[in-house]
Amino acid sequence: MIAKGKNASELFPAVVKNVASKNIEIKKLVYVYLMRYAEEQQDLALLSISTFQRALKDPNQLIRASALRVLSSIRVPIIVPIMMLAIKEASSDLSPYVRKNAAHAIQKLYSLDPEQKEMLIEVIEKLLKDRSTLVAGSVVMAFEEVCPDRIDLIHKNYRKLCTLLVDVEEWGQVVIIHMLTRYARTQFVSPWKKDDDDVVEEYNENNFYESDEEQKEKDRKVKKTYTMDPDHRLLLRNTKPLLQSRNAAVVMAVAQLYWHLAPKSEAGIVSKSLVRLLRSNREVQYIVLQNIATMSIQRKGMFEPYLKSFYVRSTDPTMIKTLKLEILTNLANEANISTLLREFQTYVKSQDKQFAAATIQAIGRCATNITEVTDTCLNGLVCLLSNRDEIVVAESVVVIKKLLQTQPAHHGEIIKHMAKLLDNITVPVARASILWLIGEYCERVPKIAPDVLRKTAKSFTNEDDLVKLQILNLGAKLYLTNSKQTKLLTQYVLNLGKYDQSYDIRDRTRFIRQLIVPNEKSGALSKYAKKIFLAQKPAPLLESPFKARDHFQLGTLSHTLNSKAAGYLELSDWPEVAPDPALRNIEAPEAAKEWTVFLGKTKKEKPSEKFYSESEEEEDESASTSATGRFWETNLHVSFFMSESESGSESEKEDKEEDSSDESSGSSSSSEESSDSESDSKESTVKTTSRTAEESGSEDIKKKAKGTTTKRNASSSSDSESSSSEESSSDSKSESDLKSGSEPGKCRKATSSKKEEKPVQDRKAPNKKDVFLLDLDDFCPVTSPVAVSAAAVLSPSLAADLEGLSLSGSSVIDVTTQVYVPTKTHELLHRMSGKGLAAHYHFSRQPCIFGDRMVSVQVTLSNTTDQKIENIHIGEKKLPPGMRMQGFNPIESLAPEGSITVSMGIDFCDSTQTASFQLCTKDDHFNVNIQPPVGELLLPVTMSEKDFKKEQGMLTGMNETSATIAVAPQNSTSLVIIERVVKAANLGVVPSGQDNIHRFAAKTVHSGSLMLVTVELKESSTAQLIINTEKTVIGSVLLRELKPVLSQG
Amino acid sequence: MIHSLFLINCTGDIFLEKHWKSVVSQSVCDYFFEAQEKAVDVENVPPVISTPHHYLISIYRDKIFFVSVIQTEVPPLFVIEFLHRVADTFQDYFGECSETAIKDNVVIVYELLEEMLDNGFPLATESNILKELIKPPTILRSVVNSITGSSNVGDTLPTGQLSNIPWRRAGVKYTNNEAYFDVIEEIDAIIDKSAALHNVCYTLDKVLSVFFCCFFFFKLSGIPDLSLSFMNPRLLDDVSFHPCIRFKRWESERVLSFIPPDGNFRLISYRVSSQNLVAIPVYVKHMISFKENSSSGRFDVTIGPKQNMGKTVEGVVMTVHMPKAVLNMNLTSTQGSYTFDPVTKVLTWDVGKITPQKLPNLKGIVNLQSGAPKPEENPSLNIQFKIQQLAISGLKVNRLDMYGEKYKPFKGVKYITKAGKFQVRT
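As they're listed, the protein sequences go chains A and B.
Quick note: the first sequence uses UniProt numbering, first residue 1, plus one each step.
Quick note: the second sequence uses UniProt numbering, first residue 1, plus one each step.
If we strip away everything but chain A, and leave its shape as in the complex, we get (with noise of 0.2 Å):
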């Protein structure tokens, strides 16, 4: 009934007792009847209310967000308090769906009473802040309905905006493209240079081959003039890619975007976009073609490639030719207009009369802006003025007289076999025109004006006004310039003029004969009536008819009905001055940091992502493992390969570089923020991280003597670390700790000593160890195995050492290179199929020796034969394209009985694919393989929640993969979950807030991608379990593996 639109009010009562009802379906079709019928009957209204407001606290997201929605839709003024309430509950919610409607709400909300405009606009300021994409779009939407001037609203929010903005759903896009456009125009400097400039561009490019120096001289004077604002470059990169999107709205924001805001150079590329709608529906084309034809007007060069496209088919309707027919006019040119004139000729003969009429008036439009071809242009329309169709013969009279008019000169054969045509002429327009043209030019035929005027006379009566009104001006104008054979003529004329039923005509008729009738009151005007009435006349100016359009905004509804429409806002001119862009980044740091990760995301770069870290460090305190973990990473990376590593850095380093200059045009904050990254990761990576472990150690300090609780989970996973590389290290433990007694003290002293030394302190660290692992290498041939393993284990015992120092001798470490390390071996080699020679691996988690971007590997070879086996060494290696793998040393031989651990590094390039290699020994060889688990492939990575937090939101959209597992009853304890989850891959723990929430974060050991793992507990024994990622291959296959971890017993 409500669909039919008939009255279902008397039913209210009957219907809202419903409201409670279980069954979804029903409460859904409630849902729907009050929302219609509620405003009429507000009283029983009323009593559904408390049902909503319970159903507002639901745990279930949908359930609250559907109350919310009804609640905010039943528009009784009563309940604005409660709602009021409910927004600003929703908008707090932890389901980003719920927020979602909230900013829905507020629309709705403020439609009913606009005086809550200044809590709702508190409200939406809190929501712009989201980082949600879901929220996004809404909540613009919101901004643009309540408060679309309050533009400092948007300040904070524009590079949240401009980044999230490929991942919002495509109807939020729309709107905020709108909004950001609006936003642009009042907060840059235009990009199009002024008018002389614009000139000096243009010669630029015609004159190709002037001598390079004026070029260049040119190119700095343009340089000169404008820069742009780095923001206003980021959107327009941005909105680049929508434009592939299929969405026919969103594809025309961009274009609007770009035509309002770009570089003219730059404008160009949405005309491809542009045309591909083009195939789509008609109201979409129809659209789409308005708004390219007002484009088209004032930049021809955008759409000229694409001519083709706007052909005419027959089977278009007929709104569609005139629009393309108009597109084709504005492309014509010299050099396609022959071309273009053929195909107008086709159209001419068309069966659609409206649209052959338009296509003559579009053949005028071309003959008169381009002068080659008028003459064609008019023989070609002179030629229609024998077409049967009176439509096509009157329009062409009607152009050709306009055509004649611009060029006044011999065209008095024209005049005259348009006089014949009079005859079978009955539309009034033609005639008019006709009628004018000879009398315009009645000199030149001087024998037919007369005889017109004569035919004219005798149906005067019968005439349309128009057409009388010209056989006034006619008559006129013969009895001036030929009174002798004209004279009665004109007087029977103005006569039957005199007595007409129009106003105008009669009016007309007084004023000519005042005026060419000699008598005595005539005074001085009757003397000029010659040259009133035969003055040369301009010629009119043929305007495209959307010409008047380019005012709006493309895109718009006013642009598409030619008027302003409720509530379009004007945009606003470019400001002479920019507003100050720091406006942008008034929480400097934040703000920038993000924009500095975004940058390190797209680019897929691990360099940034180190400077990431270190921004993170500075920021939080209990992060700090990371950055250390790294740092011993780098120490040893660039001690032990100093060579390989050099050239290796040398190519990130370009890398960055180009990234920056990049980078450089287009921001000033992140280039500041990234130049400073990359000088220092030039001057020495080791500084930078040095840093970092500076503070962290500082922090540590404080911490301490604050006695936090971070330390917890630390300790006690440093005991099995500690144990482990004891395991793993046995005698060679001692060794090495001998060796590294001298590094520790140089380093006690470098951080004991001022901070204005400490970069070079540090420098002569490494230094320092080079010299010792040279040593150690001196000391492989003997050895070298159990040298190598122990410098591999070495690195968190250093760790260790040095933490320690930078906690000023405090025994309390709280850093963590890996809270687990797994006992669990894999068979690389049976013994059986070894001949007699075993060996099985594990992973050692812990950040590999040979280079940081391999996973290190503890291979332990034990002979079971009773003979010396000789000469065991890595053969031939057979790695998937990409994957490196750094072997262990050629090992002398191998006692009967005995065993001996070697590591070996493998760069398993993110991916679990198997690395083959060959095991020799002095006469077998064998093949083996190493297939990673995933949660292998990682680092752990130690955060704040609150890091943790801000990461995952960067990291939805595709890199988020989810489940739903059920847990196993005894695992439902924190620690039990902690303990599992670690043990099946090397994820580091984030402290979290809530008791049911736990997360962990790692980084891939090949590409450095943060690898977010989130296990959240519910009731029922079940639990969410979210991974955030870049690498979602890998995300999805670690989420696969640890489902069985926690849902077995």
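Rather than coming from a laboratory, the hints here were simulated on the basis of the structure.
Hints may be right or wrong, so weigh each one.
[Claimed, not checked] Computed list of lysine-lysine pairs in DSSO-like fashion (alpha-carbon distance at most 30 Å, straight line):
(1) B:K421 <-> A:K272
(2) A:K88 <-> B:K21
(3) A:K353 <-> B:K324
(4) B:K421 <-> A:K353
(5) A:K564 <-> B:K38
(6) B:K21 <-> A:K117
(7) B:K131 <-> A:K1018
(8) A:K349 <-> B:K324
(9) A:K878 <-> B:K421
(10) B:K285 <-> A:K946
(11) A:K1018 <-> B:K406
(12) A:K353 <-> B:K21
(13) A:K878 <-> A:K129
(14) B:K285 <-> A:K349
(15) B:K248 <-> A:K272
(16) A:K156 <-> B:K421
(17) A:K272 <-> A:K564
Computed from a prediction, not measured in an experiment: that's the story for all the values here.
Starting from the known structure of chain A, fit chain B onto it as the hints suggest.
Relative to chain A, chain B alone:
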């Protein structure tokens, strides 16, 4: 944004209305009817109509007008695109988007509209999500529902709405995992009179554009992560993507990497750059003439295949909108059958398959209205055809890899070349 929606059938009855904000009276549609009357042809109703207090934006789909009422400035394409999305959803749910289908399922339609739009702003438009919220009607379900009293409204929020793959629902399970791709290429062309007359190789001058799309049909369990690569991705000039495609990978590697929605969807649409020469697979020889001062004319059309890599041209249908003066046509065809509708003046010739040995031909006499002037323009021929197993642009799918799931899906690729808007001027 969108205030109200009216559905109007071709006879001018408003058979469904829905309001998202306050109620707008039906009388607002009078303005629309006025415009419709003025336009004569349904195709010519302007999509945007301005009335004193409201603006009407309408689309015409499957003999139904979707008329939306808006009050304030809004990008018109936004509304149009949304209305088309509504129509698509109906089509998806009921198999057709007709008046009867909508009337039969009015409850579901209402629920759908309620979910799709909140306060005039689109809420959930992905069909995968909607189907989880509101289950599409099937006979079995309606029987079960009527017995058990359960509803076809899902009671949990689909995870997709909240997760970050809004186009895919969670927990998809199939026993047979299949992935089918249809690479459908459509040729848009206007072939000029002169080119057709001389039967030379059609110059590119008059060939407009070749427009293609890939349709995919997926039945894959879990959350598969696919990457698809083409043999010659450089062919693609202008592409538009389904939102699931990772744009950055395409930019850098020209590989389509995506987590697909479940079921049928259009993955990408693309246009081939005009530099690439595309051979038109058919040619038409025609002789249409109307004699001066007599009430008859001659009509003679032959269709033949051009070089198309040994594939046969199938499903050839030619439609001609004859001039109004044509009364009747008396034709004989060597192949297929023809019909002429004297009311709409449309000649349809269903040819079927073209065999190069015996070219199909249609000729005969055209009877004109006596006394009417000779039509000055020859009608243009609209031709449809289909070629199986051929992608005219030369595009080839290289390989499809799947990550993230363990099973091996069955993969199939089908190429079809079709005529899009293919018109031969005579």
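>> Hints numbered earlier in the text: which of these fail when held up against the supplied structure?
In response: 9, 10, 12, 13 and 16
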